[in-house]
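2 protein chains.
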Amino acid sequence: MLCQAASKMAIKVIVLDPSENCPASALAYDHMVGSFDDSATVEEFAKRCGVLTAETEHVDVATLEKLEQQGIDCEPKASTIRIIQDKYLQKVHFSRHGIPLPEFMEINNLEETKRAGELYGYPLMIKGKRLAYDGRGNAVAKSEGELSSAIDVLGGFGRGLYVEKWAPFIKELAVIVARGRDNSILCYPVVETIHKENICHIVKAPADVPWRIRKLANDVAYKAISSLEGAGVFAVELFLTRDGQILLNEVAPRPHNSGHHTIESCYTSQFEQHLRAVVGLPLGDPSMKTPAAIMYNLLGEDEGEPGFKVAHQLIARALEIPGATAHWYDKPEMRRQRKMGHITLVGPSVGVLEARQKSMLREEGYENRNEVAPRVGIVMGSDSDLPVMKDAARILNMFGVSTEEW
Amino acid sequence: MLCQAASKMAIKVIVLDPSENCPASALAYDHMVGSFDDSATVEEFAKRCGVLTAETEHVDVATLEKLEQQGIDCEPKASTIRIIQDKYLQKVHFSRHGIPLPEFMEINNLEETKRAGELYGYPLMIKGKRLAYDGRGNAVAKSEGELSSAIDVLGGFGRGLYVEKWAPFIKELAVIVARGRDNSILCYPVVETIHKENICHIVKAPADVPWRIRKLANDVAYKAISSLEGAGVFAVELFLTRDGQILLNEVAPRPHNSGHHTIESCYTSQFEQHLRAVVGLPLGDPSMKTPAAIMYNLLGEDEGEPGFKVAHQLIARALEIPGATAHWYDKPEMRRQRKMGHITLVGPSVGVLEARQKSMLREEGYENRNEVAPRVGIVMGSDSDLPVMKDAARILNMFGVSTEEW
Chain F
1 MLCQAASKMA
11 IKVIVLDPSE
21 NCPASALAYD
31 HMVGSFDDSA
41 TVEEFAKRCG
51 VLTAETEHVD
61 VATLEKLEQQ
71 GIDCEPKAST
81 IRIIQDKYLQ
91 KVHFSRHGIP
101 LPEFMEINNL
111 EETKRAGELY
121 GYPLMIKGKR
131 LAYDGRGNAV
141 AKSEGELSSA
151 IDVLGGFGRG
161 LYVEKWAPFI
171 KELAVIVARG
181 RDNSILCYPV
191 VETIHKENIC
201 HIVKAPADVP
211 WRIRKLANDV
221 AYKAISSLEG
231 AGVFAVELFL
241 TRDGQILLNE
251 VAPRPHNSGH
261 HTIESCYTSQ
271 FEQHLRAVVG
281 LPLGDPSMKT
291 PAAIMYNLLG
301 EDEGEPGFKV
311 AHQLIARALE
321 IPGATAHWYD
331 KPEMRRQRKM
341 GHITLVGPSV
351 GVLEARQKSM
361 LREEGYENRN
371 EVAPRVGIVM
381 GSDSDLPVMK
391 DAARILNMFG
401 VSTEEW
Chain V
1 MLCQAASKMA
11 IKVIVLDPSE
21 NCPASALAYD
31 HMVGSFDDSA
41 TVEEFAKRCG
51 VLTAETEHVD
61 VATLEKLEQQ
71 GIDCEPKAST
81 IRIIQDKYLQ
91 KVHFSRHGIP
101 LPEFMEINNL
111 EETKRAGELY
121 GYPLMIKGKR
131 LAYDGRGNAV
141 AKSEGELSSA
151 IDVLGGFGRG
161 LYVEKWAPFI
171 KELAVIVARG
181 RDNSILCYPV
191 VETIHKENIC
201 HIVKAPADVP
211 WRIRKLANDV
221 AYKAISSLEG
231 AGVFAVELFL
241 TRDGQILLNE
251 VAPRPHNSGH
261 HTIESCYTSQ
271 FEQHLRAVVG
281 LPLGDPSMKT
291 PAAIMYNLLG
301 EDEGEPGFKV
311 AHQLIARALE
321 IPGATAHWYD
331 KPEMRRQRKM
341 GHITLVGPSV
351 GVLEARQKSM
361 LREEGYENRN
371 EVAPRVGIVM
381 GSDSDLPVMK
391 DAARILNMFG
401 VSTEEW
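If you're matching them up, the sequences are chains F and V in order.
With the first letter of the first sequence counted as 1, position 198 gets the number 198 in the UniProt record's numbering; the numbers rise by one all the way through.
With the first letter of the second sequence counted as 1, position 324 gets the number 324 in the UniProt record's numbering; the numbers rise by one all the way through.
To be clear, the hints were calculated from the coordinates, so they are not data collected in a lab.
One or more hints might be untrue.
To be verified - Straight line, CA to CA, 20 Å or less: simulated DMTMM-like cross-link-like pairs of lysine to aspartate or glutamate:
hint : chain 1 : residue 1 : chain 2 : residue 2
1    : V       : Lys8      : F       : Glu106
2    : F       : Lys8      : V       : Glu192
3    : V       : Lys331    : F       : Asp30
4    : V       : Lys12     : F       : Glu333
5    : V       : Lys8      : F       : Glu333
6    : F       : Lys12     : V       : Glu333
7    : F       : Lys8      : V       : Asp330
8    : V       : Lys339    : V       : Glu192
9    : F       : Lys339    : F       : Glu55
10   : V       : Lys12     : F       : Glu20
11   : F       : Lys142    : F       : Asp182
12   : F       : Lys8      : V       : Glu250
13   : V       : Lys339    : V       : Glu55
14   : V       : Lys358    : F       : Asp285
15   : F       : Lys12     : V       : Asp330
16   : F       : Lys8      : V       : Glu55
17   : V       : Lys12     : F       : Asp330
18   : V       : Lys8      : F       : Asp30
19   : V       : Lys8      : F       : Glu55
20   : F       : Lys196    : F       : Glu301
21   : F       : Lys331    : F       : Asp17
22   : F       : Lys77     : F       : Glu55
23   : F       : Lys339    : F       : Asp30
24   : F       : Lys12     : V       : Asp30
25   : F       : Lys165    : F       : Asp182
26   : V       : Lys165    : V       : Glu250
27   : V       : Lys8      : F       : Glu144
28   : F       : Lys223    : F       : Glu250
29   : F       : Lys12     : V       : Glu20
30   : F       : Lys8      : V       : Asp30
31   : F       : Lys331    : V       : Asp330
32   : F       : Lys77     : F       : Glu106
33   : V       : Lys12     : F       : Asp73
34   : F       : Lys358    : V       : Asp285
If we strip away everything but chain F, and leave its shape as in the complex, we get (with noise of 0.2 Å):
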């Protein structure tokens, strides 16, 4: 999607990666066979570039360091990768910043890590430092005798593991925060992110929360990306709690699946804002141009060719439902719980759009479209109106439009 954006703008992207035909390729301006995570390559690929960007945190940092001391533009700084790709640092380091987190600690043994249940209490996510995403790298232990076995699952204490406190969030949030190479930063519309397995499934794009959540939510992002260094875009994940609070639960120094909703929503897709932003161009508007989207991503329900039969059914229906974009990154392997695609719907409301995702997924109730996506919404001051209103209602009915009372 980055090499998409980038063809407008006639930007020559060469790709670092180990897949031969990994769906980069297919675009890209170049594409270098090799590991972000093998020191010779990733030098040898620097030199190539005008400037150095990363779409993954798990790239070999010790060697960016070294590459920006010889004079390589890295974008963001290879400091705000280090900080990012061990999670346990990333909290020490936000928290150090003031930014509103989960209360967690590290631990190196059994005995820690008891104390620490007694502490913060059941259910207690464990969580390995580095090399996570998805939900992996996480376990969750529902009591203390659940401890050994999830350590277990994650490697044991060898792999550098750290606790976080349950935060009992009533909804996930994402910022998408752009930062220019003149320090300028612009946050774009808080989302909804719903998530399946662990993994991001839906979003919800603007989320519904009130003003205030909101407005709390991008100070937040704001100022955790303000404490990293370097430019591009960022992604800001967020829990909301009972009680109201904003924590931070992640960031990654990337392009982000909770902004994919952007290519058709906004102004500025993030993708085109990370290009802006990393070769040194103005920042563009991250507003919204539809007043909704949501995003549905295509996970492999199945592997080899079931898999791709359930996914290509879904698209085909996507393609009936009006404002509705399928992206396929022809992958080549299907497997069970991959991101495969994404489906983006833009239309007038969140509530339109959820319908007419409902219908997309043949969720039951949701045949007809016309029951379920309202184009008149009929408000009444007082129960006086009613009579009149019924009128109306009825007439906009013998048109075949769909009302709502309230």
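Since chain F is already given, all that's left is putting chain V on it; use the hints.
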């Protein structure tokens, strides 16, 4: 741009183009270097395609017809391209189908041309039948005395010429029409096209014309495309005359400059729509997702480096304009009047976008963007509202919100 749309859906596009480094080559699945006017090349190319489509009407149509007989799937059909590539044949075709268009007649010698001049009056439009685009192949004779030189400019009668009665148009309009393989037809909103030296320069969407004219333009466009065979998007260029008539100017059987704005402004871009149509997917929603769009072509202002410099300066200014997207085609050579890219502005109204465009072009009196892009309109029912509303305007001004009073 077709390849960009294709990459989202992972539709594989093979391109036939004579230029080794044509813009599409960077994005296409494969690029065959060769002429689309050479029979053997087109045949070889066609055998590699599931569906064959053309982004120019100047192709070897006899070969397409032969390939169709061999079972190759051409969309739109070769019959359509045959009609359209000969502008005289095109006029005869649409005239027979009852489409309103300026009067016209074939001319084979000066005598016939003079008779046409007497019949239609002056200025008289003389056109070459074939290989005409962007005004090439058109010449205007202001009087009988100018006929000979106009005919010489066009290459003489041997080339195949015809004349058209001058259309006293007040606006040029265009409608992109999509036609699916199931013969379903959808029209995009009517736009206004503004030409500069016969080349499309600015497109405004939607066109600022009364509802009746929009309806008429859509009807003419719909009827014109219904008379042709095959799937794809088509551009219908129209004249709006002083007396409120809509006359067909010409049709292009492909995505068209007048539809470039759809990438940012419509639920389904003309490029995605063309792909959906030719591969047999359902057509997408052609309506606008933003209230207004302006497309501004980046025409070469000068040859070589100086031309690049002017264009890049304009793009740099565009990147500062909210809602502006820059497209740079990365054509290997800059030539005067050549289409090198375009800028699309989307936003709340054509009026606001016109102001932003003027600011982008640094046109006189538009240095202060605040003055020209009011964000609040103050509409009064009577003069007695003025004292109250003046205070509202004062408060808005305090907050830097520009206003417009009606």
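Now for the hints, and whether the structure bears them out:
Pair hint V:Lys8 plus F:Glu106 does not hold up; C-alpha atoms about 43 Å apart against a cutoff of 20 Å. Straight-line distance between C-alpha atoms of F:Lys8 and V:Glu192 comes to about 24 Å, which puts the hinted pair past the 20 Å bound. Taken as a hint, the V:Lys331 and F:Asp30 pair is honoured in the structure, with Cα atoms around 18 Å apart against an allowance of 20 Å. Between the alpha carbons of V:Lys12 and F:Glu333 the distance comes to roughly 17 Å, so the proposed pair stays at or under 20 Å and holds.
For the proposed pair V:Lys8 and F:Glu333, the alpha carbon gap of about 17 Å is at most 20 Å, so the pair holds. For the hint pairing F:Lys12 with V:Glu333, the CA-to-CA distance comes to about 17 Å; that is within 20 Å, so the pair holds. The hinted pair formed by F:Lys8 and V:Asp330 meets the criterion: a straight-line CA distance of about 9 Å does not exceed 20 Å. With a C-alpha separation of about 19 Å, the suggested pairing of V:Lys339 with V:Glu192 holds against the 20 Å cut-off.
Using a Cα cut-off of 20 Å, the hinted pair F:Lys339 and F:Glu55 holds, with the two alpha carbons roughly 15 Å apart. The straight-line distance between the Cα atoms of V:Lys12 and F:Glu20 is roughly 17 Å, inside the 20 Å bound, and the hint therefore holds. Only pairs whose Cα atoms come within 20 Å are accepted, and F:Lys142 paired with F:Asp182 is rejected, the gap being roughly 47 Å. Distance check on the hinted pair: F:Lys8 and V:Glu250 sit about 29 Å apart at the alpha-carbon level, beyond 20 Å; violated.
Between the alpha carbons of V:Lys339 and V:Glu55 the distance comes to roughly 15 Å, so the proposed pair stays at or under 20 Å and holds. For the suggested pair V:Lys358 and F:Asp285, the alpha carbons sit about 19 Å apart, so the restraint of at most 20 Å is met. Restraint check for F:Lys12 and V:Asp330: satisfied, since their Cα atoms lie roughly 10 Å apart, inside the 20 Å limit. Between F:Lys8 and V:Glu55, the direct Cα distance comes to roughly 18 Å. Compliance with the 20 Å bound is thereby established for this hinted pair.
Distance check on the hinted pair: V:Lys12 and F:Asp330 sit about 10 Å apart at the alpha-carbon level, within 20 Å; holds. Between the alpha carbons of V:Lys8 and F:Asp30 the distance comes to roughly 19 Å, so the proposed pair stays at or under 20 Å and holds. A distance of roughly 18 Å separates the Cα atoms of V:Lys8 and F:Glu55; the hinted pair therefore holds under the 20 Å criterion. A hinted pair counts as satisfied when its Cα atoms are at most 20 Å apart, and F:Lys196 with F:Glu301 qualifies at roughly 12 Å.
Taking the CA atoms of F:Lys331 and F:Asp17, the gap is about 13 Å. The hint holds against a cut of 20 Å. Under the criterion of a C-alpha separation no larger than 20 Å, the hint pairing F:Lys77 with F:Glu55 is consistent with the structure, at around 13 Å. Note on F:Lys339 and F:Asp30: the hinted pairing is violated, with a Cα-Cα distance of about 24 Å set against a maximum of 20 Å. Restraint check for F:Lys12 and V:Asp30: the C-alpha separation of about 18 Å stays at or below 20 Å, so the hint holds.
For the proposed pair F:Lys165 and F:Asp182, the alpha carbon gap of about 37 Å is over 20 Å, so the pair is violated. Distance restraint check for V:Lys165 and V:Glu250: the Cα-Cα separation of roughly 14 Å lies within the 20 Å cut-off, and the hinted pair is therefore satisfied. With a CA separation close to 48 Å, the supplied pair V:Lys8 and F:Glu144 exceeds the 20 Å bound. Straight-line distance between C-alpha atoms of F:Lys223 and F:Glu250 comes to about 13 Å, which keeps the hinted pair within the 20 Å bound.
A C-alpha spacing of about 17 Å is found between F:Lys12 and V:Glu20, which places the hinted pair at or below 20 Å, so the restraint holds. For the proposed pair F:Lys8 and V:Asp30, the alpha carbon gap of about 19 Å is at most 20 Å, so the pair holds. For a cut-off of 20 Å, the pair hint linking F:Lys331 to V:Asp330 is broken: about 28 Å separates their Cα positions. Taken as a hint, the F:Lys77 and F:Glu106 pair is broken in the structure, with Cα atoms around 26 Å apart against an allowance of 20 Å.
Restraint check: the Cα-Cα separation between V:Lys12 and F:Asp73 comes to about 34 Å, which exceeds 20 Å; the hinted pair is violated. About 19 Å separates the Cα atoms of F:Lys358 and V:Asp285, which keeps this hinted pair within 20 Å; it holds.
Hint violations for this structure: numbers 1, 2, 11, 12, 23, 25, 27, 31, 32 and 33, all remaining hints satisfied.
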